[in-house]
Amino acid sequence: MDRDVTVALEPAAEASPRPLALTPGEDLLGFVGAYLGRALLLVVTCTSVLVVFLILVFVVLRSVPFLGGYDLTKFLASQDWRPTADDPSFGALTLIVGSIYVSVAALVFAVPVGILAAVFLSEIVSWKVRNVVKPVVEILAAIPSVAYGFFAILVLAPWLQEHFGFTTGTNALNAALILAVMALPTIISVGEDSISALGRELREASYSLGATRLETVVKVVIPAAHSGLIAAVVLGMMRAIGETMVVWMASGNATQIPHPWWDLSQSIRTMTATIAGEMGEAPDIGGVSHRSALFAVGVILLLMTVVLNVISEYFLSRAKKAAGKT
Amino acid sequence: MSSLMTPPSDPPPVETQYLASPPTEDRGKATVPRPGSKMDIMATAQNRKATKPLETVPAGEQAIIRSERFSLYYGAKAGVKNITMDILPHMVTAIIGPSGCGKSTFLRSINRMNDLIPHVRAEGRLAVDGQDVYDKRTNLVNLRQQVGMVFQKPNPFPKSIFDNIAYGPRLQGVRNKGQLQHVVEQSLKAAAIWDEVKDDLKKSALALSGGQQQRLCIARALATRPRVLLMDEPCSALDPIATGRIEDLMEQLKTTYTIVIVTHNMQQAARVSERTAFFYMGELIEYDRTAKIFRNPGKKETEDYVTGRFG
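One line per chain: the protein sequences are G and P, in this order.
Going letter by letter, the first sequence gives residues 2 to 327 in my numbering.
Going letter by letter, the second sequence gives residues 260 to 570 in my numbering.
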């Protein structure tokens, strides 16, 4: 080491060093600054929490007249949705079933594709390819849903009608396919993250015992990442169940439960599409009315997404723990 | 480079010094060989106070791992360059050297774990049992089952203890429950962890302590019945007590297996190994009996390193 460098770095002993104690003014300023900063950040954070809370309260309050005045069993179990008839009937079963039906159908398409794609991106291709493909996949999530809706009506519907001989192209299958595409980026992205988070050690352990890549993926990687993969699927389901525009445009909006149950070529109608489509024409009168019934449907939708959210949070935290431990 | 050819040739003066102080490496060696085995010849040579040292036995017949001018490149950068060394069976061979000297790279070349890294290219020849492992026709599954590996950080699967050990045998197609139980028990016993876990084989392996996890990983590697055990700094994440247990274990295991260990800890290399190779900047500087490397190294670099002048 050069001697002169050491000399240059010697503490400036003779010159009066900057004082180590705070002056009363600095002390006060620091205290007030820290206090104000905290308060400001608290307010900002609380605003977003408050907004969520207010929306919840608003939806629930507006639905109270209906939930209090209408037969709940009829609301949940009847298939008769005639809100504008002289003798209105608010049986939301077809809507609830429609939402679940189309979401589950979408997952049937999206889960295998999404998880295989996540495995492919994290296990098979090089880091470079992954870094190009993953952002592109995530762009799928940024396309406005009305654009998906256009595609559903103008491209997919005629194609389905032509090739499968369906009476209508706007049906459960159409909506499910589009929803599957919309859920894919979530499933692929979250799934890939959870698989990549596992780290090299586990894979090395497996390979060093003579496992092939397939064996490593099936027996070690997917089981170890299962929490994150479940969370990915639940998040994808949330996306599908809350989606409005696409199902409104693509599902045909018939208030019926498909019969037989597996016949995807029939039109269905979801809760979201019903609320979006009918809210504008439902007059705001008190008591059991079309409008309050729509709010009640909204409450059911909210409950479903909250439950799904809790489930996904649970599995995501488990996935984080698992990734931290290994 | 030819001076690095092994097994090491001991110049006479060194040999005398080596004999003057009974080397630790000879302890227990006489009990190791089975009659008629190649080890037998070697041990006899040693028992005769090594008047004719190891090189009287043709190296090629003995070595289980032969590296001839072997180089491994990551892209354009060489991980190891021109390594020529023979690793002998039923011994512990230690590889020492400063960080980034290529010792782990070399170790991981033996069972081709470097394949996981893109753009890896090998030159020269690295043979296990006469089969060049970088040959296109090498059966990687069989290679890795015969050359087991223990890693720096214990890496048990997030499965039960039983399933961890049974992983390798199951890959080999063992489905019979009784057979699996037998293998699991034998492996855990061989890794000296059976008594600690025998009552809760169903428990998650992640619930074990670090030292136990590492012995579990050794047991897991043993369950595929390997001939060689590669250990990549197996004790660097462990406390001294757990380290001592792993070292004791290596002492037992070398009667059955060939062990190659990479270590940062020179005392450990001196304690557990019979042969020591010193790597520096991707090259093999010196490879000799452990006692010679630590007491009377032939090269300046080696001496500087083992005496703690650098690294």
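If you are wondering where the hints come from, they were derived from the structure by calculation, not from laboratory data.
Hints are supplied without guarantee of correctness; some may be wrong.
Claimed, not checked - Restraint-style ranges between C-beta atoms, simulated for each label pair:
| id | chain 1 | residue 1 | chain 2 | residue 2 | range |
| --- | --- | --- | --- | --- | --- |
| 1 | P | Asp374 | G | Val311 | 57 to 65 Å |
| 2 | G | Trp128 | P | Ser468 | 32 to 40 Å |
| 3 | G | Glu202 | P | Arg434 | 21 to 29 Å |
| 4 | G | Val130 | P | Thr397 | 22 to 30 Å |
To be verified - Dumping the calculated DSBU-like pairs for lysine-lysine here, alpha-carbon to alpha-carbon at most 35 Å:
| id | chain 1 | residue 1 | chain 2 | residue 2 |
| --- | --- | --- | --- | --- |
| 5 | G | Lys220 | G | Lys75 |
| 6 | P | Lys412 | G | Lys322 |
| 7 | P | Lys558 | P | Lys461 |
| 8 | P | Lys418 | G | Lys129 |
| 9 | P | Lys448 | G | Lys75 |
| 10 | G | Lys321 | P | Lys395 |
| 11 | G | Lys322 | P | Lys462 |
| 12 | G | Lys135 | P | Lys336 |
| 13 | P | Lys395 | G | Lys322 |
| 14 | G | Lys220 | P | Lys462 |
| 15 | G | Lys135 | P | Lys418 |
| 16 | G | Lys321 | P | Lys461 |
| 17 | P | Lys418 | G | Lys322 |
| 18 | P | Lys457 | G | Lys321 |
| 19 | P | Lys418 | G | Lys220 |
| 20 | P | Lys448 | G | Lys220 |
| 21 | P | Lys336 | G | Lys129 |
| 22 | P | Lys418 | P | Lys436 |
To be verified - What the simulated footprint calls covered on chain G by chain P, stretch by stretch (three residues with Cβ under 8 Å from a Cβ of chain P suffice, anywhere in the stretch; the number is not a length):
| id | region |
| --- | --- |
| 23 | 164-172 |
| 24 | 208-214 |
| 25 | 218-232 |
As the structure is a prediction and not an experimental result, all values here were calculated from the model.
Quick reminder that beta carbons are idealized off the backbone N, C-alpha and C, glycines included.
Cross-check of the supplied hints:
The hinted range of 57 to 65 Å is not satisfied by Asp374/P and Val311/G, whose Cβ atoms lie roughly 42 Å apart. The hinted window of 32 to 40 Å between Trp128/G and Ser468/P holds, with their beta carbons roughly 34 Å apart. Checked against the hint of 21 to 29 Å, the pair Glu202/G and Arg434/P passes, with Cβ atoms roughly 27 Å apart. A beta carbon spacing of about 27 Å between Val130/G and Thr397/P agrees with the range 22 to 30 Å that was offered as a hint.
At most 35 Å may separate the alpha-carbon atoms for a hinted pair to count; Lys220/G and Lys75/G exceed this at roughly 48 Å. With a CA separation close to 18 Å, the supplied pair Lys412/P and Lys322/G stays within the 35 Å bound. Of the pairs offered as hints, the one joining Lys558/P and Lys461/P is violated, with about 52 Å between alpha carbons and a cut-off of 35 Å exceeded. Distance check on the hinted pair: Lys418/P and Lys129/G sit about 32 Å apart at the alpha-carbon level, within 35 Å; holds.
Under the criterion of a C-alpha separation no larger than 35 Å, the hint pairing Lys448/P with Lys75/G is inconsistent with the structure, at around 66 Å. The suggested pairing of Lys321/G with Lys395/P is violated, with an alpha-carbon distance near 39 Å, which exceeds 35 Å. A threshold of 35 Å between alpha carbons decides the hint, and for Lys322/G with Lys462/P the separation of about 18 Å falls inside it, so the pair holds. Restraint check: the Cα-Cα separation between Lys135/G and Lys336/P comes to about 29 Å, which is no more than 35 Å; the hinted pair holds.
Under the criterion of a C-alpha separation no larger than 35 Å, the hint pairing Lys395/P with Lys322/G is inconsistent with the structure, at around 40 Å. Restraint check: the Cα-Cα separation between Lys220/G and Lys462/P comes to about 18 Å, which is no more than 35 Å; the hinted pair holds. Straight-line distance between C-alpha atoms of Lys135/G and Lys418/P comes to about 30 Å, which keeps the hinted pair within the 35 Å bound. A threshold of 35 Å between alpha carbons decides the hint, and for Lys321/G with Lys461/P the separation of about 23 Å falls inside it, so the pair holds.
Note on Lys418/P and Lys322/G: the hinted pairing holds, with a Cα-Cα distance of about 15 Å set against a maximum of 35 Å. Using a Cα cut-off of 35 Å, the hinted pair Lys457/P and Lys321/G holds, with the two alpha carbons roughly 30 Å apart. For the hint pairing Lys418/P with Lys220/G, the CA-to-CA distance comes to about 10 Å; that is within 35 Å, so the pair holds. Pair hint Lys448/P plus Lys220/G holds up; C-alpha atoms about 25 Å apart against a cutoff of 35 Å.
Of the supplied pair hints, the one linking Lys336/P and Lys129/G holds, its CA atoms being roughly 19 Å apart against a limit of 35 Å. For the proposed pair Lys418/P and Lys436/P, the alpha carbon gap of about 17 Å is at most 35 Å, so the pair holds. Three residues within the 8 Å Cβ limit are the bar, and the region 164-172 of chain G against chain P gives 0, so the coverage statement is violated. Evaluation of the coverage hint for the region 208-214 of chain G: fulfilled, as 6 residues show C-beta separations to chain P shorter than 8 Å, against a requirement of three.
Evaluation of the coverage hint for the region 218-232 of chain G: fulfilled, as 4 residues show C-beta separations to chain P shorter than 8 Å, against a requirement of three.
When held up to the earlier numbered hints, the structure conflicts with 1, 5, 7, 9, 10, 13 and 23 and fits the remainder.
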